[in-house]
Amino acid sequence: MSSGNGSRVTAAFFRVEGTLVRRGAISAAAYFAAGGAGFAERAFKLGQVALTAPVYSLLGQNDRTLANRLAYLPLRNMGEDRIAELAEEYFEDILRERVLEGGVELMRQARRGGHRVVLLSDGLEQVMQPLVTHLRRVDDCVCNRLELRDGRATGKLLDPVIGGHDSARWARRYAEEHGIDLAGSVVYAAHGPDMLLMSSVGEACAVNPDFTLRRAARESDWPIVDYDV
Amino acid sequence: MSEPNSNAISLRESYAGKHVLITGASGFLGKVWLGLMLERIEEIGRIYVLLRPRALVPAQKRFEKMMTTSPAMRTLHERFGSGLSQLLDDKVEVLDGELSEPGLGLPDVTQRRLMRDLDLIVHCAGLVDFNPDLRKAIASNVDATMYVADMVERSDHAALLHISTCYVAGSRYGQVREDVIPEYAPEVPEGETFDAMAEIEEARAAAEAIRAKHESAEHRDAVQAEVAEIVSKRRSGERSRLIRSMTRRRLREDLKQALVDEGMERAKRWGWPNTYTYTKSIAESLLWRRRDRIRVSILRPSIVESAVSYPFPGWNESFNGSAPLAYVMGTWFRIVPANPDAPFDVIPVDMVAKAMIISGAAVIEERHAPVYHIASSDRNRISVGRAADLIVLAHRRHYRARGRSRSERVFKSRWDAVLTEPEDAMAVDRNRAVVQGVLEGLDLLPDKWLTKARKLVDRTERTDKRLAELENLVGLYKPFMYDCFYVFESNAIDRTVPEETSLQFAPEKLDWRRYWLDVHMPGLRRWAFPLIDGKRPERWRAPHPVRLSALPPPPDATPEPLPKPAAKPQGEDKPASAKSGSRAAQASEG
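Protein chains in written order, with my numbering: chain F, 3 to 231; chain V, 18 to 607.
It is worth saying that the hints were derived from the structure and are not from the lab.
All of these numbers come straight from a predicted model, not from anything done at the bench.
Watch out, some of these pointers could steer you wrong.
Here are some of the chain F residues that sit facing chain V, going by a computed Cβ distance under 8 Å [unchecked claim]:
{"#": "1", "residue": "G40"}
{"#": "2", "residue": "R78"}
{"#": "3", "residue": "G81"}
{"#": "4", "residue": "E87"}
{"#": "5", "residue": "E149"}
{"#": "6", "residue": "G153"}
{"#": "7", "residue": "G157"}
Note that the Cβ used here is the ideal one computed from N, Cα and C, for glycine as well.
Whenever a hint applies, use it, and build me the whole structure from the sequences.
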């Protein structure tokens, strides 16, 4: 809990997708599906991802909880070894080259400003581990976790699912647990569903925002940073 | 204050000043045991290494070469440098021996000295091929064990640690306990009983009958006539030399195959999956008959695989574990019959060597268990399905990064092996049936067309040969991958917990993903796959070659009659002198 004096810790929350990397949950799910065991399984899983993608983009403008749950459903019955190996491959093949330098610079600035750097991601923990190692100097990373049973994914995500409207509630709980002063903290995000999270902290910054967030940022006088245009 | 652990044992104290003889020290397991003993049990009195001399190369020279060129000895060289030869002179004596001969083929004087001095014999030698010539298997795995037991029985105070295998359990389903069932056979037909000694004598007689038949004049003439007919179809002109040479080759191959088949048939009749486990189990039964007269403990490892840390991660020299299977799963052939839920019991070689050191100390201290299972299925289980997935992922990782061509990098890396039922439509035997059908069809072609289609015939024959090898391999592994479901209880080793933490046995600490992907599969690719490909694995040579001093003349050269083993019950443990195949013993470790 907080010490109650003026020296409380502040954090810079980065929503990874859009601010630090270009790829999101569907890209990762498609990569995993294409790496399934055997051709039949790959075809089936890729088909599932193809069906999920349009639903994701529709739902993704509102609440991403359900969208993320749907995105990772094709991983059902995949072994945890395969998931871990494919996650490392996905980072090497896809994410490493798509890390946004502008986001990394924002992270540096946040750290220089004395903020604790916390990443929030729709991605799976297996994918985020190599990213966190690559980015270095990340204090905490909160991301989605697959439910595993007998070494295989059930296709479900464990609660809390990152990416939905619950993020604001989650941020408050996280701040209490880690003694973080939300009023002095800052959020960097890129998508409409992150508005509640952005409203719950002292400062917010829209990074490469989508249409919804750009409009909200203008209305709320949040600064807008476009380094990926 | 905490109570002292009553299971604790100081290995250094137990081995201090003790004299230990090891057989099979040139094998995969024996080398790791030897390295660990020399490096971590400095207090050991003397280690006698029994090696078979090869033509014109005495055992000592073989040992020096092994110590100089085996990568397993790399850490010893790193630690002792040029002082290793001196250490070996102080601690090791190499003996020219022959395990499949009475008295281990040692001179009487040496035998007497050993019987006086030895505290422990670690019998690690054996023939580990799954389907060897029956005579060789009996000589190496049964006769040799009995001769070692003779030596223990005649010695003043020596005990025996016999290295066997968990798979003596044969065709079983479920938990396998750490005990010895006297005169054990997994499946005894109703109305029959299994008598190990009678069985081995019958097997010996059957092998002799096969030899006699194959070496008879009638059989030779029949084979020669067959060969002559084949040759006359394909060659013209002078053919007698070719016929003679092909006949000799056919006779030799037919005899070998008949003896291999006889071994496998006998093994399967009693419920063992192969000749190796059949002969190993019979050796255990015969050894167990003598338990009142010798101090003996049996150590049964499961599938011994790459080292996790000693001598270095990934060290492997074993070709009977997962290597052939992992190799096949990295080829374009991808259908493997297996039960994905069955445990796949592998155990790193350095863990087995540590368990050998622990159980050896327990035997010396008379605190031993009758049987030790050194296995992972009870304590840290990995299933066949998971192991197969890890093999596939390791191949994927390799081909993506180091594929020699685009097709390997793009396609082969994603060409996953699939576990199926044996009756799968794409199973290897179905594939082979199609290829053989094509061959039969080609055989019906008129001669002039056949000449033109020679390339096609050759290619089809090569494919058939390759599929036959795969079919054989799949058949050998099916009992472990599909038919049986073993969980080997593995608790006895915890009754003696070494104070030396670096020598503790802890399979539960293994992270299988890291082991298979970062240690075992790279190890197989480095050390085992080149051999399967018919290439030499990378070579290593110590910067300081090992040179041992010439042995001093034995101090007690006066010939004295050797003590005889105590009288035994009728028909017990008196192996017939292995007339044929006697040079097979000590091929490698169990």
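How the hints compare with the structure:
1. G40: holds (5 Å)
2. R78: Given a least distance of 16 Å, the restraint on F/R78 is violated.
3. G81: Holds - the Cβ of F/G81 comes within 8 Å of chain V, reaching about 5 Å at its closest.
4. E87: Holds - the Cβ of F/E87 comes within 8 Å of chain V, reaching about 5 Å at its closest.
5. E149: violated (18 Å)
6. G153: This interface hint holds because 6 Å falls under the 8 Å limit.
7. G157: Because about 18 Å separates F/G157 from the closest Cβ in chain V, which is outside the 8 Å limit, the hint is violated.
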